[in-house]
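Using the hints provided, position chain B relative to the given structure of chain A.
Residue numbers (this note's numbering), protein chains in the order written: chain A, 1 to 188; chain B, 1001 to 1102.
None of these hints come from the bench; they were simulated from the model.
Bear in mind the structure is a predicted one, so any value in this text is a computation, not a measurement.
Every residue gets a Cβ at the ideal spot worked out from N, C-alpha and C, and that includes glycine.
A portion of the hints provided could be inaccurate.
[Stated by the list, open to error] Simulated crosslink set (DSSO-like; lysine-lysine; CA at most 27 Å straight-line): (1) A:Lys167 with A:Lys80; (2) A:Lys175 with A:Lys33; (3) A:Lys66 with B:Lys1038; (4) B:Lys1019 with A:Lys175; (5) B:Lys1038 with A:Lys35; (6) B:Lys1019 with A:Lys133; (7) A:Lys178 with A:Lys96; (8) A:Lys33 with A:Lys60; (9) A:Lys60 with A:Lys35; (10) B:Lys1038 with A:Lys150; (11) A:Lys92 with B:Lys1038; (12) B:Lys1038 with A:Lys167; (13) A:Lys96 with A:Lys66; (14) A:Lys92 with A:Lys35; (15) A:Lys96 with B:Lys1019; (16) B:Lys1038 with A:Lys67; (17) A:Lys66 with B:Lys1019; (18) A:Lys60 with A:Lys178; (19) A:Lys96 with A:Lys128; (20) A:Lys66 with A:Lys167; (21) A:Lys80 with B:Lys1038; (22) A:Lys96 with A:Lys67; (23) B:Lys1019 with A:Lys128; (24) A:Lys35 with A:Lys133; (25) A:Lys178 with B:Lys1019; (26) A:Lys60 with B:Lys1038; (27) B:Lys1019 with A:Lys150; (28) A:Lys33 with B:Lys1019; (29) A:Lys92 with A:Lys60.
[Unchecked claim] One side only, chain B facing chain A, incomplete, derived with CB under 7 Å: (30) Phe1014; (31) Ser1020; (32) Glu1028; (33) Met1066.
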Amino acid sequence: MNEPQQVLSDERLVEATLAGDDDAFSELVRRYKPKVFRLAARFVRDNDELDDICQEAFIKAYHNLKKFRGDAPFEHWLTKIAVNVCYDLLRKQSRKRDNVPLDSVDFSIGKPQSPSLSSDSETWDVLKNAFVKLSPEDRLVITLLNLEEKSVRETASLTGWSEANVKVRAFRARKELKRILEDERGER
Amino acid sequence: MENDRSDDRIERLFAAARKSQPYNTNLEYGFETRVMAKISEQRDGQKPFFSWAWRFIPALVVVVMMLGAWTYISEQRQLIGLSSIAGINNEETMLVASLTGE
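In isolation and in its complexed conformation, chain A is listed as follows (with noise of 0.2 Å):
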């Protein structure tokens, strides 16, 4: 690859990635890493997970090049995978949660630890406590929308469902996320 790799763009990267010049495919994924880190961030418990998760999204990416067919932009294929595979850890956990042992479980009183930097990292805290009660559809479909401000579409697009399904999941996501919020107000 001769050109300056900062002009290229993303398709031209993917084709020199699959000719296997892999300073391309380093290009890419310095392009689109603080969008990916960003969106996982979302829906990790730390910042190891949150490490693996994206190097998965990429590894997996890298492993399905061929499969890009340029129909729709890069990012958003990559976003796509980055979602499945936030989606994926979404369930892993849920099983786990479900199989945790109560003698297991930390029953400390007091704010969960977190590396809160400012009033509304603390505010991403207690929303962030009553997700890991959501359901993973529910948790998705909630952070799509209202976190990171996609279109019904685009969450129908990046999700693989319907926008009605969409739209039916969205609504019973926020009616769950609100009880939960007032039981936890409740508790108080």
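Chain B in isolation, oriented as in the chain A frame:
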């Protein structure tokens, strides 16, 4: 009324969450290097079978030698068996000869 209040609360929480930085950006440092290292590690692990098949050569040599030894030993045993049968036959012939006075 109560419903409106909880809707407001959720909207405020969403707005604050959108504004918050959900992760430490230091994590991004050297990320592409880590990803590429993992990819090349996986690629090395998926080499074709003939690139690692040579490792089985010593074991294969041992198996061939053991098979050879086993074949040789079983052949020898067969020969001993045949000669002993031949010996018995010989004794019988001598006995018959002495009895018949030949």
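Quiz prompt | Violated hints, by number in ascending order, as checked against the structure | solution = 2, 10, 12, 13, 15, 17, 18, 20, 22, 33
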